[in-house]
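Peer 1: The residues making up each chain are set out below.
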Amino acid sequence: MTVFLFVILASFLFSLLLFGMGQKVFKRMTWFASLLPISLFLYFSSFAKPIMNGEVFNFFTAWVPSMSINLDFRLDNLALLFTLLITGVGSIVFLYTTQYMKGHPKLMRFYVFLSIFMGAMLGLVTSNNIITLFIFWELTSISSFFLIGFNNTESSSRKSAIIALSITGLGGLALLAFGVLAGQLTGTYSIAEMLQSPEIFANHEYTVYLLIFIFLAAFTKSAQFPFHFWLPGAMKAPTPVSTYLHSATMVKAGIYLLLRFTPHFQNNSYFFTTLLIVGAITMLYAAFQTLFKTDLKGILAYSTIGALGIMVFLIGIGTSASITAAIVFIVVHALYKASLFLVTGTIDHQAGTRDITKLGGLRKVLMPLSIAGLIAAFSSGGFPPTVGFIGKDLIYEATLNGGLNPTVLTTMAVLTNILMVFAGLLVGVKPFTGKQPVELGRIKKPHFLLWFMPMILAALSLLFGLFPAMVESLFTHNITPLLTGEASPHLAIWHGFNLIILLSAITIAGGIALYFLWKPSHKKESSMIKFNVWSPKSLALKFADLFQRLSYFLTRTFQNGYLRRYVLIILVLLTLVFGVHVFVNPRIFLSVKEIKELNWNEIVILAMMLVSVIFTVFTKSRLSAIAGMGVLGYTMCLIFVFYGAPDLAMTQFSIDTLTVILFVLVLYRLPKYLKLSNRTNRVRDGIIATSFGTFLAFTIIEIMNETPIKSTTEYYAENAYILAKGKNVVNVILVDFRGFDTMIEISVLAISAIGVFALLKLHLKKHEK
Amino acid sequence: MEILLAIMTGILYAAGIYLILRRSLVKLIIGIVILGNGVNLLIFLMGGLVKGRPPLIPEDGNALEGIYADPVPQALILTAIVISFGLQSFAIVLIKRAYKVLKTDDIDTMNKTDDIT
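So the sequences go chain by chain: E and L.
According to my numbering, the residues represented by the first sequence are 1 to 769, in order.
According to my numbering, the residues represented by the second sequence are 1001 to 1117, in order.
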């Protein structure tokens, strides 16, 4: 267990190590970072043999057992497929980046984020605990945010990063909701154990919420319509990031989630129908969009969305054939798409542009790269004998035998695939053929790694195509039964002449024809812009903008930086509360008896208080106001004397005196005591203050009619002498029963005194004078 | 007397709040002081008014007996008076400092940090 936990955490520790190395040391040994994915790839490969024989590895450590959150990892064949993809493509990308971003001043930071991402992704696909799965899911979103916004000096990069984070972050919250709900309903947070409560996922009061949450999570992460728009924006990231995160691995997390929960939902037809519809819309929409893009990465972005749509669509069909097709297609897509992205990256690196209308004839200089591009394009188009051909066969096999309406499903698949052939050829072949435009200038030969890395991936496409048994025994043989309970169909490159071969031929022919007939241009691209107003992206942005303006408005209204405004808002609200209370329960008791019983000294005190308050408020001189305030303090003193509080009287007397002295001493040089506010404001404040005072007085009178609970008082009265040996109960409370509070109070006073002393001693700096 | 003092508490609150809403820093502090007096009076009233019988245990007794003023609100108020002195003294010195630097005691001109360089 500890070894496995270490492996999952290794990437995070490694990123810390890179950070510790510092930019300068790292620059001289960039190859060092690639050791991480390569060794992880080797580690996970070592599991291949036992897992192929049907073993499943569990690693369990209790983490927060009271909340059922555990470090619970489970390496089965589905997880193995993803770990190999993550570490395999990771190794290629890490090595490729050493040259692609050579000399970049923030290269170390780049590798730090990339390592964190890889660790998060490995954790995601091996977690058996739904909560840890969520944590790793969010970590991938966060690392993706930093990588999309890697060129943080460009505002478009930052914007894209924020859009991507908000969309995938929203999905992450939905995943948490799904996890908590499923955990509460099934009584376990272990994904494997949840399988024992199939009724929760099939037909339960809350099943609909489970569906909504898992769909939100998966569709946002895997860029399904209408949440797809963050992915093309994410292409602002450096190409290795696009290759790794936004095509080969991270965007497949949603697919992984759906596949992982396919067994749970196997009796839920809504699950599959929704996936079928959303997948179909996404793949057709995105594949159609590729026609109107001129940026190579834009084309790849939409063809990635289309491919993700195909995967969701295949899961939606829900047969063992379609699941097998989805799994093979994951492998196929990862290989050819990563390869095409790296080819694009190298073209961009050497030629300085990714604009398809400006590229051509690069085969002369970039010969090896063009071979990689060609193979990848062929695999993308499903040409034999690449693995793409097998993938395409399986897709048609699945649609032809797929329940609802085979004709419609197959037609949609063929249409999408024709466009995918087109997109593949456009990216992998077009830049290398024809004549080289003069504007490109002289193009240098790329570093060995820049063509060799895409070549490896392309070669694998070819290898798996020639030996499909490798894919079968490694993956589909075990995964399909794991997910559907049925055996997987046999993978082969040749099934004899049948309808499927015919459809494949139509697809390829259609794609090639489209490639020759349809020339992408800026004119076509801009012709699509007028539809953008209604695209999900602009709607989402409008919503975000509205939300932002609303919060600006609220902030400006309630927190405008003027103290008066804050006080006013609080007071008006309080006045309303008191006022409503007074008007709802009018219980006012004013008796003449009260007036009759007044002594002359009480009358004098009250009169003095009243006069001093009014004087303080309305006087035009600061000194008189301070004097009035002092007199008010002394009348308080008198009240304390009359009503049995000599300690208070003494304290009030000394403190009041001190305050007045301090006031006069410190403030005698202040400017004239001005009336700064206008009449309207004064009247308004007067009304608010008076009504607050009035309602408060009413409320106090009402409260005084209640019989107070005196148990605390009685406790002190009885125990002051017995326990604390003091006869002045107030003093005993302060220095004995609540002695600790008093000590803290003294500390506060001491701090205040230090502050006063410091402020008085602090001399003005020159420019402040 | 209780009711009259309750009304007086209301007046103190009103006066304190009115001064706090002024733009002058000095008025703000005076307002806080008056409001503090109002709060103390309120707490005092809540304990009930008892004339001339402070909570002192007689020489020959072991406990307070009969009618006596409530010691708990008194302890609270005593703390409040002392703490508010801490606040006031610091605020007063701060005003002086603010005036020295900004040459004004108008709060409305003090809500931006950027003006002080």
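Hints in this document: simulated from the structure, not taken from any laboratory.
A few of these clues could be false.
Think about it this way: if two alpha-carbon atoms lie no more than 27 Å apart in a straight line, the pair counts; the simulated DSSO-like pairs of lysine-lysine are [said to hold, decoys possible]:
hint: 1; chain 1: E; residue 1: Lys519; chain 2: E; residue 2: Lys530
hint: 2; chain 1: E; residue 1: Lys537; chain 2: E; residue 2: Lys524
hint: 3; chain 1: E; residue 1: Lys542; chain 2: E; residue 2: Lys519
hint: 4; chain 1: E; residue 1: Lys542; chain 2: E; residue 2: Lys435
hint: 5; chain 1: L; residue 1: Lys1100; chain 2: E; residue 2: Lys444
hint: 6; chain 1: E; residue 1: Lys523; chain 2: E; residue 2: Lys435
hint: 7; chain 1: L; residue 1: Lys1100; chain 2: E; residue 2: Lys524
hint: 8; chain 1: E; residue 1: Lys106; chain 2: E; residue 2: Lys445
hint: 9; chain 1: E; residue 1: Lys725; chain 2: L; residue 2: Lys1051
hint: 10; chain 1: E; residue 1: Lys102; chain 2: E; residue 2: Lys445
hint: 11; chain 1: E; residue 1: Lys358; chain 2: E; residue 2: Lys524
hint: 12; chain 1: L; residue 1: Lys1100; chain 2: E; residue 2: Lys761
hint: 13; chain 1: E; residue 1: Lys106; chain 2: E; residue 2: Lys444
hint: 14; chain 1: E; residue 1: Lys159; chain 2: E; residue 2: Lys523
hint: 15; chain 1: E; residue 1: Lys358; chain 2: E; residue 2: Lys596
hint: 16; chain 1: L; residue 1: Lys1103; chain 2: E; residue 2: Lys620
hint: 17; chain 1: E; residue 1: Lys444; chain 2: E; residue 2: Lys524
hint: 18; chain 1: E; residue 1: Lys358; chain 2: E; residue 2: Lys519
hint: 19; chain 1: E; residue 1: Lys524; chain 2: E; residue 2: Lys159
hint: 20; chain 1: L; residue 1: Lys1051; chain 2: E; residue 2: Lys761
hint: 21; chain 1: E; residue 1: Lys435; chain 2: E; residue 2: Lys445
hint: 22; chain 1: E; residue 1: Lys102; chain 2: E; residue 2: Lys596
hint: 23; chain 1: L; residue 1: Lys1100; chain 2: E; residue 2: Lys710
hint: 24; chain 1: E; residue 1: Lys49; chain 2: E; residue 2: Lys106
hint: 25; chain 1: E; residue 1: Lys596; chain 2: L; residue 2: Lys1051
hint: 26; chain 1: E; residue 1: Lys727; chain 2: L; residue 2: Lys1051
hint: 27; chain 1: E; residue 1: Lys596; chain 2: E; residue 2: Lys620
hint: 28; chain 1: E; residue 1: Lys537; chain 2: E; residue 2: Lys523
hint: 29; chain 1: E; residue 1: Lys445; chain 2: E; residue 2: Lys523
hint: 30; chain 1: E; residue 1: Lys620; chain 2: L; residue 2: Lys1051
Derived Cβ-Cβ restraints for the label pairs, each shown as a range [to be verified]:
hint: 31; chain 1: L; residue 1: Glu1065; chain 2: E; residue 2: Gly755; range: 41 to 47 Å
hint: 32; chain 1: L; residue 1: Lys1100; chain 2: E; residue 2: Gly561; range: 20 to 26 Å
hint: 33; chain 1: L; residue 1: Val1050; chain 2: E; residue 2: Phe740; range: 25 to 31 Å
C-beta: ideal position from N, C-alpha, C; glycine also.
Peer 1: Going back to the hint list, which numbers does this structure go against?
Peer 2: 3, 4, 5, 7, 15, 17, 20, 22, 23, 24, 27, 29, 30
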